[in-house]
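J.: Here's the letter readout for the chains.
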Amino acid sequence: MSLTEERVQLTPKQVKQLETVATHWKNTGLSTAKTDRAAAEAAMQDAYRAAGLKPPRIVVWLKSPRAGATAVRLLKSDLEWPHNLDPMQRSVWDEFWQQCLPQIQSIVGAERWAAVRKEHRQEAEKRVLDTYGHYLEKRVKERFAESTGIWIWKHIRKLYGASMLQEIRVDVEEKTKTNLKPAISQEAFDQIYQQLVVPVTQQTWSSVAEPLRAMMTINNGSLIGRQTWECGFGSHDAGWVSHYDFLRTIGVKGTESLDGITKLTKSCGWWWPYKDLCILTERPVSVKRDNRGRLHNEKGMVVRYADNWGFYAWHGVIVPDDVIMLKEPITIERIAAERNVEVRRVLIERFGLDDYLKNGKVIKIHKDSCGTLWRMDVEGDEPIMVVQVVNSTAEPDGIFKEYFLRVPPNIVRAKQAVAWTFGLSEDEYVPLVET
Amino acid sequence: MFKTPKRKIYRQGDVLIQQIEKLPQGCNLVEWEDRVILAYGEVTGHAHAISTNYAKMYTWEGDRLLEIKPGAKLVHEEHGTIMLPEGFYKVIQQREYVPEAPPRDVLD
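Chains as they are written, first to last, in the working numbering: chain F, 1 to 435; chain L, 436 to 543.
Just so you know, these hints were derived from the structure itself, not from any lab. Take the hints with a grain of salt, since some may be wrong.
Listed next, the in silico DSSO-like pairs over lysine-lysine satisfying Cα-Cα at most 30 Å (straight line) [as the list claims (entries may be wrong)]:
1) 415/F - 441/L
2) 76/F - 508/L
3) 367/F - 443/L
4) 457/L - 16/F
Predicted, not measured: the structure shown is a model, and the values here were computed from it.
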């Protein structure tokens with residue numbers, strides 16, 4: 001038997017299965033189900049072990065990827081003690097701290113913990129009593145709490161260690177891929193890639209995780225500039241993970257070392273693995289998309305997390321919250337003042353193209369039996385070209401409804417415009433019957 | 436001097452039916468219960484439809500194709516009925532231009 005014959009080929013049934021599997025992984029990637037913390041922690045430990053590493057001793061759960069990124073930046077900062085945090089950072093800090101404290105105490109052990117407390121207590125007493133006298137017990141306690149806090153914070157930062165993402169995520173995948181490659185036929189590889197990985201990646205990574213990443217960079221408070229992507233993307237890793245998981249389900253051996261990451265993909269959101277600390281975050285509580293899979297919500301955030309972080313978008317265009325929530329009505333002035341061309345287009349659409357045209361300087365370009373072609377010049381953007389057409393069938397009240405359809409700016413005649421809306425040339429567009 | 440005969444087209448609101456010569460090999464039949472639905476109105480729920488006694492729908496490379504038997508009527512709640520002659524057709528949904536994006540389907 002030659003080598004090529006031994007390579008895995010997909011049966012017609014398995015090829016057909018790919019579509020169902022893609023749907024399954026797409027749903028996994030877009031999941032807003034409650035995060036299964038226990039499953040995710042077990043999976044995270046598997047992922048560490050698969051990379052030949054000891055699982056971290058400290059595990060912290062946060063509610064959104066932005067909270068995760070904020071915690072990482074605090075860890076990486078040179079802050080001796082986090083004073084002056086903004087409210088968002090403060091709430092991340094509080095959650096992080098509350099979870100770390102008992103874990104650090106258990107890591108250092110009762111004896112050392114007692115010694116540390118005693119040392120800091122004495123030092124605090126001495127410093128405060130020396131300055132203010134014996135009656136300032138309250139101040140002693142404060143000073144004590146702060147100095148032990150600093151000690152623990154120092155300890156956490158000494159302990160958490162380097163990012164293990166390269167080892168856990170990149171190296172393990174590379175090794176798995178190299179081992180599997182000779183066993184899989186190129187055809188099977190291409191089929192899985194084209195029919196599973198590409199659509200799942202498109203639906204989960206390109207349309208959701210990418211905009212999310214962009215928003216985290218833009219909107220992350222005063223610690224901006226220290227953004228780090230030392231993270232796995234949990235459910236948003238569905239695209240590349242689906243490839244190996246499919247091979248596993250059809251009986252290919254050698255994907256075992258990715259089991260942990262696969263389970264993380266199925267159970268939680270973004271995660272940051274360090275040598276002795278892992279930050280895990282929850283999945284979003286809602287993701288809203290239009291029928292093309294682009295982020296879209298007319299009534300609220302498109303992606304929202306349990307800590308209420310999220311953002312707004314209109315058919316895939318990320319927009320400020322006021323464009324969606326319309327706390328104030330959109331005005332011609334607001335549209336004119338908007339400098340981002342994409343946001344301005346959304347504003348025009350929300351304002352109503354018909355009304356916008358009526359309010360602006362519109363030039364009649366052409367008129368024929370099909371309709372009227374209008375152009376409106378827009379500063380800094382391509383002109384808006386619309387064809388005004390009349391319904392062929394009357395409304396119940398006998399009126400023939402008029403409507404506008406936007407067409408490409410290079411159109412010059414009304415009939416050409418209407419033909420374009422059906423993907424036809426002006427010459428081809430001669431309906432025998434039109435109702 | 437003859438011009439190439441134009442393909443016959445019929446239009447009902449935002450849906451256009453264009454005649455084609457035959458069905459391509461390997462196109463896939465789409466099952467419909469009692470009406471072959473060409474388009475649903477987004478707001479109204481109205482539909483452009485033909486009885487399954489007179490029409491079969493197929494998909495081919497992203498296009499929707501129709502096989503029409505004599506007597507087929509294309510109906511819609513708000514538009515006049517169109518009698519479609521026997522033959523094969525392609526269904527074209529009206530679309531609208533969106534800057535820097537694929538055109539968007541118009542659904543009334």
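J.: It remains to establish, for every hint, whether it holds in the given structure.
T.: The hints, checked one at a time:
Taking the CA atoms of residue 415/F and residue 441/L, the gap is near 16 Å; set against the 30 Å cutoff, the hint holds. Simply put, residue 76/F and residue 508/L have alpha-carbon atoms about 70 Å apart, too far for the 30 Å limit, and the pair is violated. Using a Cα cut-off of 30 Å, the hinted pair residue 367/F and residue 443/L holds, with the two alpha carbons roughly 24 Å apart. Distance hint between residue 457/L and residue 16/F is fulfilled; the C-alpha atoms sit about 27 Å from each other, no more than 30 Å.
Violation of the numbered hints given earlier is confined to hint 2; every other hint is satisfied by the structure.
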